[in-house]
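Chemist: The lines below spell out each chain.
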Amino acid sequence: MTSLRGKVAIVGAADTEVGSVPDLSATQLCVDAVHRALKDAGITKDQVDGLVTCNSMAEPYMYHAEMIAEYLQIFPRYCISVGAGGGTTFSILHHAASAIVTGLCETVVIAMADSLRTGMSKAQALAMMSSAGHPQFESPYGPTIPAFYALIARAHMETYGTTPEQLAAVAVNARQHAARNPLAQKREPISIDDVVNSRLIADPLRLLDCSLVSDGGAAVVLTSAERAADFPHTPVYLLGAGEGHGHEHISQAQSLTTSAAVESGRRAYEMAGLGPADIDVAGIYDCFTPVVLIELEDLGFCAKGEAGSFVEAGELGLDGALPTNTHGGLLSHCHSGNPGSMFALTEAVTQLRHQAADRQVEDAQVALVHGQGGIMSSHCTLILGRESG
Amino acid sequence: MAEHDGKNLPRPTPETATYWEGCRHGKLMIQRCGSCGHHQFYPRLMCTECMHTPVEWVQASGRGKVRSFTIVRHAISDAYAADVPYVVALIRLDEGPTLMSNIIDGDPERVRIGMPVETVFEVWSEDLTVPKFRACD
Chain A
1 MTSLRGKVAI
11 VGAADTEVGS
21 VPDLSATQLC
31 VDAVHRALKD
41 AGITKDQVDG
51 LVTCNSMAEP
61 YMYHAEMIAE
71 YLQIFPRYCI
81 SVGAGGGTTF
91 SILHHAASAI
101 VTGLCETVVI
111 AMADSLRTGM
121 SKAQALAMMS
131 SAGHPQFESP
141 YGPTIPAFYA
151 LIARAHMETY
161 GTTPEQLAAV
171 AVNARQHAAR
181 NPLAQKREPI
191 SIDDVVNSRL
201 IADPLRLLDC
211 SLVSDGGAAV
221 VLTSAERAAD
231 FPHTPVYLLG
241 AGEGHGHEHI
251 SQAQSLTTSA
261 AVESGRRAYE
271 MAGLGPADID
281 VAGIYDCFTP
291 VVLIELEDLG
301 FCAKGEAGSF
311 VEAGELGLDG
321 ALPTNTHGGL
331 LSHCHSGNPG
341 SMFALTEAVT
351 QLRHQAADRQ
361 VEDAQVALVH
371 GQGGIMSSHC
381 TLILGRESG
Chain B
1001 MAEHDGKNLP
1011 RPTPETATYW
1021 EGCRHGKLMI
1031 QRCGSCGHHQ
1041 FYPRLMCTEC
1051 MHTPVEWVQA
1061 SGRGKVRSFT
1071 IVRHAISDAY
1081 AADVPYVVAL
1091 IRLDEGPTLM
1101 SNIIDGDPER
1111 VRIGMPVETV
1121 FEVWSEDLTV
1131 PKFRACD
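Taken in sequence, the protein lines are chains A and B. With the numbering used here, the residue at position 197 of the first sequence is 197, and numbering never jumps. With the numbering used here, the residue at position 74 of the second sequence is 1074, and numbering never jumps.
Any given hint could turn out to be false.
One-sided and incomplete, this derived list gives chain B residues near chain A with beta-carbon spacing under 8 Å [claimed, not checked]: (1) Cys1033; (2) Cys1036; (3) Gln1040; (4) Val1072; (5) Ile1076; (6) Asp1083; (7) Ile1104.
These are calculated hints, taken from the structure and not from any lab test. For every residue, glycine included, the Cβ atom is placed at its ideal position computed from N, Cα and C.
Bound conformation, chain A alone (with noise of 0.2 Å):
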């Protein structure tokens, strides 16, 4: 198999505004976010050739990808909607990829932005919720989203010994790093009191545990390394690139407290010939405080039933051995629905330019980001570098 690995950089990227972001539409907010991209990048739209987006709920369209280049008069060769819930952002980025490396085309853009919160009617939010679940076998029994994660936040409780103590941590985290990020939603302190104290939702996550409700999106530019170097800024390396797809419906999961994360960070892994040790930041999918527990420990983090620990003790801070989620994620910075992630690709991509000023990782060389979509459905993770090799 061809290996991806230092064959395409990132050499652009951008985020629209975020947070509540009434006056543009979904649609708006994708094409901002594609114009600033290539602002960032310095090229014109005539120079993008792939365009990859995932479709809007509150401004969905048949053909996603095509709306956007139609809207902004681009006709490129290679384009694409792409749709994996939360995963989907490094799926779609290990495709472009794979596009470029096989002649496909030269310059992608990966544009995704949505208007989940000011955007969306009340019948569309509804049926927003409901979809998650199977509709013969799930959905009839009322469960929410977050009922969905308190399943697995539960099964890693009683089989680990994980506290809500230890959830909240990763909640407290995400906000002091969103307090240095003067783009992100939610910016003031919060402490694992006001998390194990807020609302209950669906035990045992509490209102804290869960992420916000945002307006927003994100683009990058993807081209080969060999064209990367002409480009303003210091290109981004992909690394590696792994995925793992374990099931749809969490009641069809093999297990509730280990996910295709494994695999996927396996794959990523072996095609950058680096391991866990080697990570200096990492953007971790927090859509609720357990993902996160899971998925450190997964990525080989930290050992199996450790990771509460592990985030209890600060080692997802600035100075800790893995700052995580330094944009906020999720939890603090900003979750459009399916573009959220791309929020932590164009964090890995503002920390390895060495460009996160107040937040900055000293000397960032190696990030890694994961996405999941679904519920612990489909899993992805991407190494990326300042180096190709």
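Given chain A's structure and the hints, the job is docking chain B onto it.
Modeler: Chain B in isolation, oriented as in the chain A frame:
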């Protein structure tokens, strides 16, 4: 059965009709492979263990243990609001497969992982009966 109006009603398909028909008659029907003996749920065209086809329908014991659970405090929609707080659980049947359901007829706070449960059938309409679970010895 107006109290179930607006809920997420399952729509049986030819593949699942035997299951829902069983519920209407108070039987929890799952599939068993005639070749390797594997039990499976939800209903499928072939055995997920050995790909043998066709698979047979058998009546499950209706008994199992709680694999995990949550108490939903904020209903998914108005139609479920009257049920709050309600327990959503994953139940591993004695035959092996896991299914999602509600645990009813008891204090939600007393539900535990590993707790033995048995099926109770809740009639939602003339055409639809939904299997739920309650604690048992």
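Chemist: Hint by hint, note whether the structure agrees.
Modeler: Status of the hints after comparison with the structure:
1. Cys1033: With a closest approach of 17 Å, the Cys1033 of chain B hint is violated.
2. Cys1036: Constraint on Cys1036 of chain B not satisfied, violated at 18 Å.
3. Gln1040: violated (10 Å)
4. Val1072: Holds. Min distance 5 Å.
5. Ile1076: holds (5 Å)
6. Asp1083: holds (7 Å)
7. Ile1104: violated (10 Å)
Hints 1, 2, 3, 7 from the list above are not met by this structure, while the remaining hints are.
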